[in-house]
Every structure is written in structure tokens, then in C-alpha cells.
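**Student:** Given the structure of chain A, go ahead and fit chains B and C onto it with the hints provided.
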Amino acid sequence: MAHKRLKFLGVAAAVLMVAMACGGSPSGGGGTKQYKIGLVTDIGGLNDKSFNHLAYVGLEKAKSDFGIVDSVTESHSGNDYVPNLTSFASKNYDLVIGVGFLMQEAVGTVSGTFPNIHFAIIDGAGTDSTGKDLQHTNVQSLFFKEQDAGAMVGVISGMLEKQGKAKKNKGVISAVGGVSIPPVNHYIAGYKWAATMEDPGIKVEVGYSNDFTDPAKCQGVAKGQINDGSDILFQVAGGCGLGVLQAAGQAGLYSIGVDADQKAADPSVIASALKKVDVATYTAIQNVVKGQFKSGALTFSIANDGAGYAVDNLTLPADIQAELKTVQDKIKAGTLTPPADIP
Amino acid sequence: MTAVTDILHLLFTANLWQATLAAAVLLLLPALGGVISERSGVVNIAMEGMMLTGAFFGVVADLAWHNPLAATGVAMLAGALMATVHAVVSIQFRADQIVSGIAINIFAAGLTVFLVNRIYGLQDVGHVGQSELIPYINVPGLDQIPFLGKVLFQQNVIVYAALIILVLTHVVLFRTRLGLRIRAVGEHPQAADTAGINVFAIRYGAVITSGLLSGLSGAFLAIGISNTFVPNMTDGRGYIALAAMIFGKWTPGGAFIACLIFGLGQAIYDNNSIIHVSPYLLSMLPYLLTLIVLAGVVGRSTPPAADGLPYVPGSE
Amino acid sequence: MPLGSVLLAFVVDGLLVGVTGGNPFAAYGALLCGGFGFICTQGENPVLQISNTIVFVIPLITTGVAVALPFRAGLFNIGAEGQLLAGAIACTAIGIKFSSLPSPILLPMVLIGGMVAGALWAGVAGVLKATIGAHEVVTTIMMNYVAQWFLRYLIVGGPLQLAPGTSKSSPIGAGARLATVLPNDNTLIIFGLPSSVYRVHTGLLIALAAAAIFAFLLWRTSLGYEIRAVGQSQKAARYAGVSVRRTIIVTMLIAGAFSGLAGATEIAGVDHNLTDKYFSDSTGFDAIAVALLGLGSGVGIVLAAILFGALHAGGSVMQADANISGNLVFILQALILFSIAANFVGAIRQRIPGLARPPTALPPEMPPAAPMMTEAAVPPVES
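Residue numbers (my numbering), protein chains in the order written: chain A, 1 to 343; chain B, 1001 to 1316; chain C, 2001 to 2383.
Only chain A is shown next, with the shape it has when bound in the complex (with noise of 0.2 Å):
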């Protein structure tokens, strides 16, 4: 009995010292402010296998380095965004962060009514009901220059068909987009100029599967771009893409993933278009830990390493290396510019 209450004593004593030193702190260590961090996916939820589960990697890169507590809310439908944002922004939370072009109008409302509550929003802007940019100086936009790794993948598929060192070889490679919105059609861009710069000869056929969670769907948009010839598949889907490495795989043909490095998905893979979606949400905690949150739209690209590619279940020929090292350097010098748009 008497060893249990000491015990107990001595764990008592033990917290009533943390919290003196916590409390009264006159200086140093203690006085850190921690900062709190809210993390609100769409519907897509945590495990999407796509942005929102970067955004996650992100944030909990975050958490370890600065110590902010985070918090996170997955949205079950489209009625949950503002009740979650609104959640975090009335519990003084220091940064909320909205997860895809989904959330716009939901960012664009909150911020407007908590407007010393810090927000970003990934691949969007805080907008009316009517898509104008509200532009609330509370608001921090996080877009990608999904282009710039569109054309790096697009210049390996560009280079394989023409040297001959693809599969088929019949001069046709293909895109899998799941819905046809800016950040895919970005992407898409960037490969068909991309390709198109290093084999002008070439056809780049583009598909939608209007999906992003049925991989069967998307496989079967792949496979219709087999059956036209199409020798090179870059799926641009999300989950649903995942049915387009999987279909490349059985034809024995080359695919590349979007995104994260999907490598392990299929190993037909060959490459990555890399969105780095945790780069831009651990970004955004450190410009707020660092007190230099600035409002309006903060740009991923390749030149500050928001975007990017991998190599992955292929060793690329020196030459081609080359060209993606030429290339990776005349964009971000700005000399090359790979379209926005689908040519």
C-alpha cells in the first residue's frame, strides 16, 4: 500500500514540475509556441492513394520536424467541407488547409468569415460561388505546375518511341485522365507537347474515364488505347489509374505513373510524373511556423522542386538522360515553356 502511494507522490510531484516549468517559464525553451495545423481531405479521403494522401505525408513530416499538433478530418461528401473547415478555423487553429480543387468554394466562404484564420488550399483558390478568386489575403493558393512533369514524362515516352525502344513502336502513346479539369488536363499538356517536341511524328491519344476510384473503369479506357496501338500509357487517375499500369502490364508495355513515385504499383511502370503535394503542404506549415505566411498564389514547378519525375522499373539510355537533364534545366531557366493547355 505505502509503495503504491508513493508512487503515486512521486508521479504527482513529477507533473506538478512539468507544468511549473510549462507555466511560469520565464524564458527559453517554453516558451515556443506550438502550433496547430488542420488538415481536411475531400472526399476522396486519406487513402486515395493520390493527393490527399500526400498531403497527409506532408503534414506529418511537419509534425516531426516543428512539433505542431495537427489534426485531421476526412470529408464523407461534399456537404462536410465547410462544417470541417469551419471547425478547425473556430478553435483558433493557426493554419487550416483544404485538400483539392473540390474545396474552393468552401475555402472562399470560410476564410471570408474568419479572416485571422490562416487557410491554404491545395490545387485551388478561395473562391465565390461563381469560380472568381476571392483573393483573401488570408488565403494561400498552392498550385502545380503540373505541366513541368507531364513534359519530363513526356520526353522519355517521346524518345523511347522514336529510338525504336518501346514495345510496338507504332508511333502512338496515350494518356489516361480521370476527369477532364485543369490539374489532369495539365498534366496531359505537358506530356503530348513534351512528346511531340522529341518525336514530332508522333500521335498521343487522350482518354477519360470519368473516375477517380474505379480501377476497372480506367483499365478499360487503357485498353481501348492498346487496341489503337498506343505503346507508352501515362495514367493521370488516381485509384482509377492504377487499372492503367495494371492493363500496360499485361499487354507488356510500358506505363508511368502520377502523382507519387509509383514504382512498386506495376512493374511496367517506367516512370513518375511527380506532384509533390507534401512538398507544398509542408511548405505552407513552415512559412506559418516561420511567421511568413504571404496570401494569394504560391506556384509548384519544377524550379523550386514542386514538380518533377522518377525513373523507376527502367534504366534509361544515357542519351535520353541527357535530353531530361537539358530539358529539366531549360525549364526551369524558363527557355521552355510546356503548355497549360493541350495543344
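Derived by calculation from the structure, the hints in this document are not laboratory data. From a predicted model like this one, the values you see are computed outputs, not experimental measurements. Incorrect hints may appear among the rest.
[Stated by the list, open to error] Derived Cβ-Cβ restraints for the label pairs, each shown as a range: (1) B:Ile1119 / A:Asn313: 25 to 33 Å; (2) C:Gly2043 / A:Gly334: 53 to 61 Å; (3) C:Ser2099 / A:Lys33: 41 to 49 Å; (4) C:Ala2209 / B:Thr1176: 57 to 65 Å; (5) A:Asn313 / B:Gly1141: 30 to 38 Å; (6) C:Asn2184 / A:Gly334: 38 to 46 Å.
Glycine included, C-beta positions come from ideal geometry on N, C-alpha and C.
**Tutor:** Leaving out everything else, chains B and C in the frame of chain A:
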């Protein structure tokens, strides 16, 4: 006009029909499950949930054991487990079978995502390796037949299995004593009971079979067609299978034809890059078609007489 | 009975949280805070939480009625979602087309427009059921899909699309909007927060009126009598001189009107335009649980809608505060449905001798399970 000629051109390609058959099989398996279940008198709209559960546990098992055959077995068992819940609730507790079906579908959608989070954390579910998927096999010799070879004999193992199951279901339902019993229980359980048939056992068996088949379809989706689990990846297929079952007037052959029509719609839709119609309007077609069929264009479709009615021993 | 079912579902769900390594008490605490504003530990504003819940509750009441009314006639309306979408589409189209009209004219126009569209959507199922015997479960599921794809077509590349690359319509006119209860003002501070966060709108009154009309219709009118008669036994109803065919069609039309109204109030009260959020809306499906739990009484539906609205709103807070996936809420919802449908509580009671009551498989007010094959499946012969 271009749309019409485009579609006509497409209809003469073997690739289209190969894709049609694969898409049809995804629907056929749960539809056959539905036929068996409803023939025994238990309404089953839970194929969607059983499929999703099967897809999820198929991936979990394949990631753990690297054995697609075993994983397929697990997927079927998972589907069957869900079906058992439906059976207990609707046969034993005589609950409303439609409510129970809806509950299963909501339950499966919630449970799978919840378990993804719990088992794999908020990270990626992971990809099953290429060699660990249900294989595609070309039937030697037959696959060289022009047109038909590509359509029928260059397919996934599950497609062949499904076609065999289709024939088996038809034979069992209409050519065996067991089939007679199943249909008797679905049409007139009191009479069947009097004749010494165990109504409960038949119904349990039929519902659980529907779970096995739906789970198999889920495995095809998750570790045959794709190689990972994506939340809600079944995307309403269980409901379309339900439509196919009714479209096919509760017969295996009819359901198969309906699945082919839906599969064809999907396959044409997948090739939408050359069709100049709004893909969304195109997507409405299978559902409108079902409504037209239901409206009696191809004759009335009548369910088994005791479909949906819980059996209370000794009543009437 | 329903209370016991809900409790049982909570217990099973809590076990699931516990088994998978979570803390069920923390989860339910956060759920309670998110849904009702009770015992919030992480700084949530209780009034905001209640307000959020009410916003979810409004369409649940109206669609709940749309499922409950046909249920009384032995019809299973799984199409509330499609009818809701039809109502939302009509409301938006009218609200845009006549955006310059003043509120006293335009607001009734958009609401009635939504009701008519919803009624027509449900009417298809009603007519097919009454004339050919096509089962309404299947036809309404099909109509749901048709509505969802039609909506996508309209706002992605179709006539209602705001601008290329967007997936929304333009906003409805100011006259077509329902007012919020508290002023939509960012500078006015009420209960510690800008008053515009409280999104409760006057559609709440419409929803409550819908529940009242439902109760009145069912118990105080001859149509209500006919609906209940058809639900009890079509054969008996026919002997009593009730036109089963007409009753089925009228019931579905009214139900569709309620769902359509729910869609219209969502547009007029919350969103003011059609957006991609309607691709993922599930109100019409949640309404099934509301109707079953509400036992088909007006008050019951309102209470059930409050429960499910609170679950919806609470799920988010549960994830943010207790780090338990909000998907738990769906599992809970399914368990409640199972529990009510199967009446586990009643069964358990019967096993325990002291608690045994006379066997009640179904509460007396509830129609027998809507069977797949009702007499209506064979077209009723009427003169």
C-alpha cells in the same frame, strides 16, 4: 451520325467483345448469386457490400500470403461471411430483407475503409505484386481462332471460372433435385416444408452461395483487374448485377445476356475517345435500358412467388 | 424498442473500436460533442456544433418523410436520392432562368419546381409499379443512377455548366434563396463566433412542416387511410373499395415531391448552385435509416433525423479529436439498421424468461415487410 458509325465500326472489333466479356463477368458472378438467393425466396440487394468485402479481404490476404489462389478463397469466404449475416438477420430473425441488404452495403463500405485505416494506418494500402495476381491465361490452340479466340480464350482465369459457374448454376437450378428444392422453397415454402424439405437450410445455403460468388467477383476486381484496394472500388456494380438479375427474369442465362448488354455499354463507354457523345449521357444508357425492360418491352419479369417473405414454420 | 436497438448498435460499435485498438469512450465523447455540443474538450463551440447538426437534419427530415410515407403503403422508396437530385436540378434551373424575379414570386417557384421534378421522378416508379408490377426497389435504384449521370452531364459540359473546366452551375438569383436564421454577417459576433458560421436556414421550418403534414396526411385524411390499408393488405384494401393502383401512384408522387423539396431547400438554403458536391450526396440513402428508425410517425422521423444528423456532424469531430476514422459512423448506421430490422433486442428479451413479453415480431403500426412479390406485382384487376 458520326457517333453511330463510330459505334458500328467498334462493334466489329474483337477487342471490344473481349472487354465486354470481362466487364460482364464482374457483374455476372454477383448476378448469379442474386438469382440463386432470390430463387430460394431471399431478396438480396447486398451483393455490392459482399463484393466490396471480398475485394478488401482478398487484397489483405494476398499481401500477407502472396498467394492469389488462397487470397481468392479468403475473398469468397469474406463475401460468404457477409452473406451469413444477411441470412441470419433475414431468415432467422425474419427482418426485412431489403433493409438488411442496405445495412450490409453501408456496413461494408464503412468497415473496409475503417479497417484500411486500422490495419495499414493512414498510409497506402500497398500494391500486390504482379506475380501474385490472378493470372490471365490463353487457352492453347483455341486462342488462335480468328475473332472468337481473342474474345473467349484470351481472358482471366476468373472469366473461364465464371462461365463454368454459369452453366453449373443453370444445370443445378433446372436439372437437379437440389434445384427443384431451391425453387420450391422460393415459390411455395409451406408446401416444400410439408414435402420434407428443410426450408431454412436451403435458404441459408442459397444466400451463402450468393456471398461466395460476390466475393469471387470482388477478388477478380481487386487482385485480377487491379492490384490493390481502393475505397468503394466496386462502384455500384452490385446494384447493376441486381438489375441484370431482374432484366434476366431470375434465370442464369437471362442474367448473363443482361450482363453482356451492360458490359457492352461499359466497353463502348471505355472507348469514348472516339465517340462524340457526352460520356455522362452514355453512362445513363444501361439504367434507362433496364427501366425500359422493366416497363415491359421485353415481357414481364416475375420474381419467385415467396421472394422476400420470411418463412415462419407452421404458418398457414 | 428503437431506443434499445440504437443502444445495442452503439455497444457493438464501441466493441469494434476497442478491439481495433481505439478508445471507445474518447470516440463517443467526441461524437457527442460534434453532434450535440456536449462536453467538448478541444475547444469546439457548442452552438456551432448544434447548428451544423441542424443543417444536416433539415434534408434528412424531408427525405425521411419521402421514404416513410411509401413504406406505409408497403412500398420501398430507395429513390429518395434521385428524387432529391431532380428537385435540386429543377430548383437551380428555375432559379437561374428567372433570377431577376423578386423573392415572393421566385422562392415559391423554385420550391414548387423542385417538388414537381421530384414527384415526376418518383412517379415513374409509381406508374411502373401500379401498371406493370415492376418492383419499385429496382426502378428507384435505376432512377437514382439516371439522375446522378444526368446531373453530371448538366454541369460538366452540359447546358448548366458555369464555364469550361468547372463542375458547377452559376448561382441562383437572390430571390430564390432561403434566409438564414441568424444574419449572414461576418462582422456580427454571436456566441463567440461570426454569425455567418451558423448556417441554419428557414428550410428548417419547411422540414418541420413536412413532418407535420406527413403525420396529418397519414392519420387524418382518407388518403392516409387508403395508404395504410394498401400497406396492410392490398387484397383487403381492394375489398374495402380502395383503388390500389391509384393509391400507389399518388403515394409515390407525394413522396417524390417531399424528396424534391429537400433538394430544392438544399439549393435555396445552403448551396445556391449545383456543384460537384451533389455527386457524393447520400442524404436520400440516410433517409432510409431515418424512416425505419422513426417508425413512421412525424415526431419519430424528426428525432431519428436528429440522431443521424448528429452522427454525420459528429463523425468529423470524432476523427479530429479522437483520431478515430469518421467511417465508424457508417458502421454505426448499418448496425442500427440491422438492429431495428431484426429486432435483436426483442429476441434477446424473449430468451430471458423474466423479461419475456408477448411475441412482437414487428411493432403493430409497422406494415409487414415489403415483400418482393406483393399482389401488385400481378397487375391489380380493377374495373
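**Student:** Evaluate each hint against the coordinates.
**Tutor:** Status of the hints after comparison with the structure:
{"no.": "1", "hint": "B:Ile1119 / A:Asn313: 25 to 33 Å", "in the structure": "holds (27 Å)"}
{"no.": "2", "hint": "C:Gly2043 / A:Gly334: 53 to 61 Å", "in the structure": "violated (46 Å)"}
{"no.": "3", "hint": "C:Ser2099 / A:Lys33: 41 to 49 Å", "in the structure": "holds (48 Å)"}
{"no.": "4", "hint": "C:Ala2209 / B:Thr1176: 57 to 65 Å", "in the structure": "holds (58 Å)"}
{"no.": "5", "hint": "A:Asn313 / B:Gly1141: 30 to 38 Å", "in the structure": "holds (33 Å)"}
{"no.": "6", "hint": "C:Asn2184 / A:Gly334: 38 to 46 Å", "in the structure": "holds (45 Å)"}
Taken one by one, the earlier hints fail for this structure only at number 2.
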